[in-house]
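J.: Sequence:
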Amino acid sequence: MYCRLLCQDWRFLVCTTILTVFALIGDDARLLLTSREADNFFNILIVLAFMIFSTEIVAASLGVRGYFNSFFFYLDLIATSTMLLDLTWFGNVLYCKDHSDLRPTSQNSFETFLSNLTDTRASRAVRILRLVRLGKLYKFYVRSADHSRAEPLHSVPPGNPLESQPSGHSQEWDLNSDVVKPDDQEEDKEGAQEETRVGKKLSDMTSRRVIILILVMLFCSFFFTVESWGKEFAHSGSLGPNLIYERFRSWCPTSAVNPWCLRPAAPEQNQPGRQEQRAWYEQYLQGFIRSHLSGPFAWRLYWVGLGSTTFSPNNESSADRVIRRSHVLDEFLGTLAQLNQQQWLGVSLPKEELWRWDSQGFGNSNPIPQEVKERLVSPWREQCLGFVGVPLYSDSAAYSMSTACSVSDQLRCNEVHYEMPMLQTRLEADNVNLLFVFDTRPITRSEAGLSMLDPQMCYAAQLDLLQTFFICVALAVGAISFSKDADHLLLAPLERILVKLEAIRKNPLHAMKLGDIEYREQELEEEGNGEKRFCCNKRRDKSSELETLETAILERTLIKLGGLLALGFGEAGAEIIVHNMQGGTSAELNAMVPGQEVEAVFGFCSIRNFGDATDVLKEKVMVFVNQVSEIVHGICDTYHGSPNKIIGGNSFLVVWRMRGRDPELRAKIADMAVMSFVCITIEVQKSNTLATYRSHPGLQQRFPNFRVTLGFGLHCGWAIEGAIGSEYKIDASYLSPNVNVASQLEAASGQLGLWVLLSNYMVKLCSPDLLPYFRMIDNVMLEGSKKTLRLYTLDLDHSRVNVKPKLRGTKKKVYNRYKVRQMREAVKNELWTSDFDIMEVLSGHSDFIEMREPYSKEFFERFAVGVRNYEAGEWLVARDLFITCHYSEELCKSNSQPGVWPTDGPVKSLLEFMEKYHFEAPSDWPGYRHLIPGSA
Numbered sequence: 001m002y003c004r005l006l007c008q009d010w011r012f013l014v015c016t017t018i019l020t021v022f023a024l025i026g027d028d029a030r031l032l033l034t035s036r037e038a039d040n041f042f043n044i045l046i047v048l049a050f051m052i053f054s055t056e057i058v059a060a061s062l063g064v065r066g067y068f069n070s071f072f073f074y075l076d077l078i079a080t081s082t083m084l085l086d087l088t089w090f091g092n093v094l095y096c097k098d099h100s101d102l103r104p105t106s107q108n109s110f111e112t113f114l115s116n117l118t119d120t121r122a123s124r125a126v127r128i129l130r131l132v133r134l135g136k137l138y139k140f141y142v143r144s145a146d147h148s149r150a151e152p153l154h155s156v157p158p159g160n161p162l163e164s165q166p167s168g169h170s171q172e173w174d175l176n177s178d179v180v181k182p183d184d185q186e187e188d189k190e191g192a193q194e195e196t197r198v199g200k201k202l203s204d205m206t207s208r209r210v211i212i213l214i215l216v217m218l219f220c221s222f223f224f225t226v227e228s229w230g231k232e233f234a235h236s237g238s239l240g241p242n243l244i245y246e247r248f249r250s251w252c253p254t255s256a257v258n259p260w261c262l263r264p265a266a267p268e269q270n271q272p273g274r275q276e277q278r279a280w281y282e283q284y285l286q287g288f289i290r291s292h293l294s295g296p297f298a299w300r301l302y303w304v305g306l307g308s309t310t311f312s313p314n315n316e317s318s319a320d321r322v323i324r325r326s327h328v329l330d331e332f333l334g335t336l337a338q339l340n341q342q343q344w345l346g347v348s349l350p351k352e353e354l355w356r357w358d359s360q361g362f363g364n365s366n367p368i369p370q371e372v373k374e375r376l377v378s379p380w381r382e383q384c385l386g387f388v389g390v391p392l393y394s395d396s397a398a399y400s401m402s403t404a405c406s407v408s409d410q411l412r413c414n415e416v417h418y419e420m421p422m423l424q425t426r427l428e429a430d431n432v433n434l435l436f437v438f439d440t441r442p443i444t445r446s447e448a449g450l451s452m453l454d455p456q457m458c459y460a461a462q463l464d465l466l467q468t469f470f471i472c473v474a475l476a477v478g479a480i481s482f483s484k485d486a487d488h489l490l491l492a493p494l495e496r497i498l499v500k501l502e503a504i505r506k507n508p509l510h511a512m513k514l515g516d517i518e519y520r521e522q523e524l525e526e527e528g529n530g531e532k533r534f535c536c537n538k539r540r541d542k543s544s545e546l547e548t549l550e551t552a553i554l555e556r557t558l559i560k561l562g563g564l565l566a567l568g569f570g571e572a573g574a575e576i577i578v579h580n581m582q583g584g585t586s587a588e589l590n591a592m593v594p595g596q597e598v599e600a601v602f603g604f605c606s607i608r609n610f611g612d613a614t615d616v617l618k619e620k621v622m623v624f625v626n627q628v629s630e631i632v633h634g635i636c637d638t639y640h641g642s643p644n645k646i647i648g649g650n651s652f653l654v655v656w657r658m659r660g661r662d663p664e665l666r667a668k669i670a671d672m673a674v675m676s677f678v679c680i681t682i683e684v685q686k687s688n689t690l691a692t693y694r695s696h697p698g699l700q701q702r703f704p705n706f707r708v709t710l711g712f713g714l715h716c717g718w719a720i721e722g723a724i725g726s727e728y729k730i731d732a733s734y735l736s737p738n739v740n741v742a743s744q745l746e747a748a749s750g751q752l753g754l755w756v757l758l759s760n761y762m763v764k765l766c767s768p769d770l771l772p773y774f775r776m777i778d779n780v781m782l783e784g785s786k787k788t789l790r791l792y793t794l795d796l797d798h799s800r801v802n803v804k805p806k807l808r809g810t811k812k813k814v815y816n817r818y819k820v821r822q823m824r825e826a827v828k829n830e831l832w833t834s835d836f837d838i839m840e841v842l843s844g845h846s847d848f849i850e851m852r853e854p855y856s857k858e859f860f861e862r863f864a865v866g867v868r869n870y871e872a873g874e875w876l877v878a879r880d881l882f883i884t885c886h887y888s889e890e891l892c893k894s895n896s897q898p899g900v901w902p903t904d905g906p907v908k909s910l911l912e913f914m915e916k917y918h919f920e921a922p923s924d925w926p927g928y929r930h931l932i933p934g935s936a
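The sequence shown begins at 1 in the numbering used here and counts up by one.
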C-alpha cells in the first residue's frame, strides 16, 4: 500500500524526473564544464540518485503488479547499476595506475593495458539505457493529463446527458500502463476509459522492440565507425617514441648490463661519435615535442619523462640504494634527461645550436613556447609513475619547480593517454625507459558535447557499406517484429473471428460445433502446459488467467452468442439469423423475416400428469423437466431431429425436415423419428435419475405405483417455418395444421391409454419393414380437420423395462463435452449411411423385444378383424371380437365373462363408443368417428 502510494506521489515523480535528466547528462557536463576539483560534488549527486532509483525499484516491485521480474525491471536495474561507473572513486580504481602497472610484461599485454587505460566509451554507451526512464515518465504524464481532462465529468449533476458517457473502470499501474491503481473509494471517481489489455500489451511489446532496436543500433554503431578525428595520426604517438628511443639507444647502449650513461663518471662520454648521437636523439625528441604541441593532432603532448629501475651509485649496498633512490632520480636522471648540455654535446657547441632545427623541417607549425624550452634545458624534476620529467603546457603560472606530478593533479584519469617505446627488451626497459603523456581532453570534450567531427574523415568506405547493411537488417528485423506483434495480438485474432463469423452467418447451427472445438483447443492447451503450470508460480498463473486479452474474450463471446442463438432459435430460426447477419451495411435488426414452406415429420412429446407433478415438486419441477429434456433432446438430435420448442414446460416439439430428400431418405427419416421415440421411452424407464421419483411420497400419494411416462404423437406434412411474435419478442416455430395434428395425436394417445399415436400419412412414409409393427386402431376426424385419419400405434409395455443398476462405490462420471459431441456426431453419421438398417437394430434391441413380449399374434389378428367390422358398421360382430381381444393368446381363446372388457385402451374406447349406440351403427355411419381430445 505505502509502496504504491510512494510511486504515485507527484513529488517523488518530480524528484525522479530531475535525477533522470542528471543521470543522462551529468557526467558529460562534469567533463565538459568542470575540473577535477568538482568531482566529489558530482559523486555525491550520483550516490543520491542511485539511492533514490534503488528505492523506486524496490517500491515498484512491491507495489506495482507485474513489474517485478519483468523486462522493464531488469532494464531499470541495469540502468541504475551503471551509475556506479560514473563515480570517479570507482573510475580511479579502473583507470588510474601506479608505476608498477606501467612495466610491460609483453608487447601484447601492454598494448591491451594502454587501450583499457583510456577507453571509457563502453561505460558512456551504457548510459543510453537510462533514456528508457524518460519514456516511462512521458507515458505517466500523458495518462495524468487524460485523467485531469476527465475530472470535470465528475461534477455533472444526476440526470445530465453527460452521464450516459462511458466511464472507465479502475485503472491499474502495472508494467504496461505505468499508472497506479487508485483505492476503492476513488474507483467511482475515475472518468477515463480504461485501456484495453490488447492495447496495453501491444504498447508494451512495441516499447520493448523500439528500446531493443535503438540499443542494438547504438551499441553496434561503434563497430562500424572509424574514430579518425584525433586518432588519424595515432600511430605517430606510438612510432615516435620508438624512433626517439632508438636514437637514445644509439647514444647509450641500454642493452648492456651496466650502460655507461648510468654511471656517475664516464670517461668516454665526450667522444665525438657519442656527441653526434646525442645530438640526433635531442633533435628527434624536440621535433616530436614540437609536432605534438601545435601540429595537426587532437592529442596534445602534455608531459615527457625518463626513468630507470637499475641505476645505482657506485659502491653502494642495496639498502643504501633504496634509501637514496628518490634523491638519485631527482639529481642524476634529471640531469641525464636535460637537453642542450655541453657535457653531452661538446664545449664547442654554441648555446643556441640545439634549437637551430626549431625553424627547419616543420612547415608552418608553431615553434615551441619559450617557457617549455626553458624547462627542457633545465634539470627535469617532476616524478610521475616512477619517471622524472617535465610538463609541456605553456601556462607558466601553473608550473612550479616542485617534484609533484602535474599529470595526476591537473588531468583526470580518462583524460590521459600514455605511450612508451615498444621496440625494447625487458633489460633495456629496466635500464632506461621513456614515457610520453598525452592530453586527450579535446576528444573527451568532443564526445561529451562539442560535435566537431568531419564526416569525410570519420567514415571509411567499407565500414560505411557495412553500417548501411546493418541498419537495413536492423530496421527489417524491427519491422518484422512490430508486424508480428500486431499480427499476433490483433490481426490473427480478428481473422479468426471473421472466419467464425462467416461460418455462423452461413450456418448458424455450426456455432455449437465451434464451441465444442474451442473447448477442445482449451483442453489441449491446458494439457500441453500442465507441466509448465505445475512448475511455475501459481500467482503468475492466476494473474495470467485474469489478464485474458480482449480479442480472446471477443472470440469466445462470439462463439457463445452464436451457440446461444442456435440453441434459442434452433433450426427454425436459422433463416432469421442468416438474414440479419447478411446485412453488414446496417445495424438495424429485422426479425420479421418472411417464412418459408418446409416438409417435415412433426413429433409431439408430453410428460404425463405434469400438473400434479408441478403441485407436488414446486420449485424442483424445473430440475425434473430439464432431466426429461436432456433425454428427449439428446436422443432426437442423435437421430437427426431438431428440438424446436418447449410448450407449457411439459410438451416438446421435434422436427425432422425432409424437403429435397429422395423417397428412400424420406423413409429413413420417418424410421428414425419412430426409432427416436422408442429409444426415449426405453431410456426414460431405465434412467436412475427419473426412477427416484417413483418413491416420492407426494407423487405416490396422488398416483400409486407412479412412474415417469411420456406420450407421443407423430405426423408429417408441410409447414411454414419462420418467426412468430413482434419487435419485442419473437419465437422461431412452425405454423401448419399438421403441427396441430401431431399435438392432437399426442393428446389422444393419453385419452386412448397409449404411449404413441401415428397418422396414416406417417405410417405410409415409413419403410415397409417397419409396417408390421404398427397397429391400426381407429379411423377418426380430428377437431378442426377436414380429412379423416387412420390412427396407428406401436404396442410396447413400459413395465417390462427395468431400471439400470447403479453400481456402488463408483464415482460420478465426468463427461467431456467435446468427446460426447464427437461420439454423437460419429453415431449420427453412421445412422445416415446406406448400410445402416434401422429395422435390423430395432428388431435386435433387447429392451424392445422385451416390451413387445406381452402382445400375442392372436390379439393383433382379432383386433384387426374387429376394426374392419367396426368401420363396416357390423358393430355386434366387432363387439364380440373386441371382447376377446386380450394380450395373452390363452385369454383370447377362453370364454369371456359378460361385462368384463379387455384392458387394451383402444379396445375399451371403441367398446365405450359403440355402447352409446347400443352396439348398432347409425344409419348414416360414415365409417369414422369424431375424436375430440379430452372428451370421453
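Read the hints as simulated data drawn from the structure, not as lab findings. Hints may contain errors.
Below are the DSSO-like pairs computed for lysine-lysine, each with C-alpha atoms no more than 30 angstroms apart in a straight line [unchecked claim]: (1) Lys-916 - Lys-686; (2) Lys-484 - Lys-373; (3) Lys-686 - Lys-618; (4) Lys-787 - Lys-618; (5) Lys-804 - Lys-787; (6) Lys-620 - Lys-686; (7) Lys-828 - Lys-618; (8) Lys-787 - Lys-645; (9) Lys-804 - Lys-618; (10) Lys-729 - Lys-500; (11) Lys-787 - Lys-513; (12) Lys-819 - Lys-686; (13) Lys-806 - Lys-787.
J.: For every hint, state whether the structure bears it out.
T.: Verification of the hints:
1. Lys-916 - Lys-686: Violated. Lys-916 to Lys-686 sits at ~40 angstroms, over the 30 angstroms cutoff.
2. Lys-484 - Lys-373: violated (69 angstroms)
3. Lys-686 - Lys-618: Between Lys-686 and Lys-618 the Cα gap is close to 24 angstroms, so the pair holds against 30 angstroms.
4. Lys-787 - Lys-618: It is violated: about 42 angstroms lies between the C-alpha atoms, which goes past 30 angstroms.
5. Lys-804 - Lys-787: violated (44 angstroms)
6. Lys-620 - Lys-686: Given that 30 angstroms is the threshold and the Cα spacing comes to 21 angstroms, the pair holds.
7. Lys-828 - Lys-618: Distance of about 37 angstroms is beyond 30 angstroms: violated.
8. Lys-787 - Lys-645: At roughly 27 angstroms apart (the allowed maximum being 30 angstroms), Lys-645 and Lys-787 satisfy the hint.
9. Lys-804 - Lys-618: holds (27 angstroms)
10. Lys-729 - Lys-500: Holds - the C-alpha atoms of Lys-500 and Lys-729 are around 27 angstroms apart, at most 30 angstroms.
11. Lys-787 - Lys-513: violated (42 angstroms)
12. Lys-819 - Lys-686: Since the Cα atoms of Lys-819 and Lys-686 sit roughly 23 angstroms apart, the hinted pair holds (cutoff 30 angstroms).
13. Lys-806 - Lys-787: violated (49 angstroms)
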